[in-house]
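Note that numbering that gives the first Met the number 0 numbers the sequence shown so that position 164 is 163, with each residue one more than the last.
Derived by calculation from the structure, the hints in this document are not laboratory data. The beta-carbon is built from N, C-alpha and C at its ideal position, and this holds for glycine as well. It is possible that some hints are incorrect.
Straight-line distance between alpha carbons at most 27 Å, and here's what the computed BS3-like set of lysine-lysine pairs gives [what the hints assert, rightly or not]:
#1 K9 to K74
#2 K23 to K51
#3 K76 to K208
#4 K9 to K76
#5 K208 to K88
#6 K74 to K30
Listed next, with one range per pair, are the computed distances between beta-carbon atoms [said to hold, decoys possible]:
#7 T197 to N49: 39 to 47 Å
#8 E141 to Q206: 47 to 55 Å
#9 L163 to T197: 30 to 38 Å
#10 Q177 to T8: 37 to 45 Å
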Amino acid sequence: MDGNGRWATKRGLARLEGHRQGAKTVESILKVAPSLGLETVTFYAFSSENWKRPEEEVNGLMDLLRFYFTSQLNKLKDNNIRLVVMGDKSRQGRLSDDVIEMIERVEAETEHCTGLCVNFCINYGGRDEIVRAAQHFADDVERGLRFVGDLDERLFSTYLDSGLQKDPDLIIRTGGDQRISNFLLWQCSYSEFRFIETSWPDFDGEQLKALLLGNQTVDRRFGAV
């Protein structure tokens, strides 16, 4: 979801307007995702590093999240879409209590939806996710619920924000930058990456379809010949 701010700046608009347009792109992608055969879509909405942005922009983004989740909840349920928020949602973290409560409500009310699974990464960082998972496992060991010898990749995955969701086949970064930016570091081990110049507000279902079709021709060998 990169390029919102630059998209707005090029048009003489406030950066927050770019984020508003980006939210509309999310809606358009969710409309076409099931018809493209997608089971899971993950949006990198707000990283743990994004707190470094100007306070006005951060507050505007939080307001946008509040509006999006509350206004879209019924639509998500009507379309059988489950919403999962990945990131540090602890009360000791940086998200406000009302945002955490809103997230908990949306997750709870869509928990039993069996269609498209939509992950929103909010206050998320890949390294932080791995550290939090390790801490949770260590806590379980200390309480006698696990043994150190139990640990393998599958068990560790259950402590991640993504749980036992499938790893992503394809990761698309819009906006022209060619780096991972601390996104799904554990889960992206065998993902294909596509870095495109299109800013997120200009991204659409046709571009997504073309990228998915191109990815179908990739021979993923997972280390084999």
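Hints and how they fare:
1. This hinted pair does not check out: K9 and K74 have alpha carbons roughly 32 Å apart, beyond 27 Å.
2. Proximity of K23 to K51 is assessed by CA-CA distance (about 25 Å); at most 27 Å being required, the pair is judged to hold.
3. Restraint check for K76 and K208: the C-alpha separation of about 25 Å stays at or below 27 Å, so the hint holds.
4. Distance restraint check for K9 and K76: the Cα-Cα separation of roughly 36 Å exceeds the 27 Å cut-off, and the hinted pair is therefore not satisfied.
5. Between K208 and K88 the CA atoms are separated by roughly 33 Å; this puts the pair beyond 27 Å, and the hint is violated.
6. For the proposed pair K74 and K30, the alpha carbon gap of about 11 Å is at most 27 Å, so the pair holds.
7. The hinted window of 39 to 47 Å between T197 and N49 is violated, with their beta carbons roughly 21 Å apart.
8. Between E141 and Q206 the beta carbons are some 48 Å apart, a value that agrees with the proposed interval 47 to 55 Å.
9. Here the CB-CB span from L163 to T197 is close to 32 Å, well matched to the stated 30 to 38 Å.
10. Restraint check, Q177 to T8: a C-beta distance of roughly 20 Å breaks the suggested window 37 to 45 Å.
Taken one by one, the earlier hints fail for this structure at numbers 1, 4, 5, 7 and 10, listed in ascending order.
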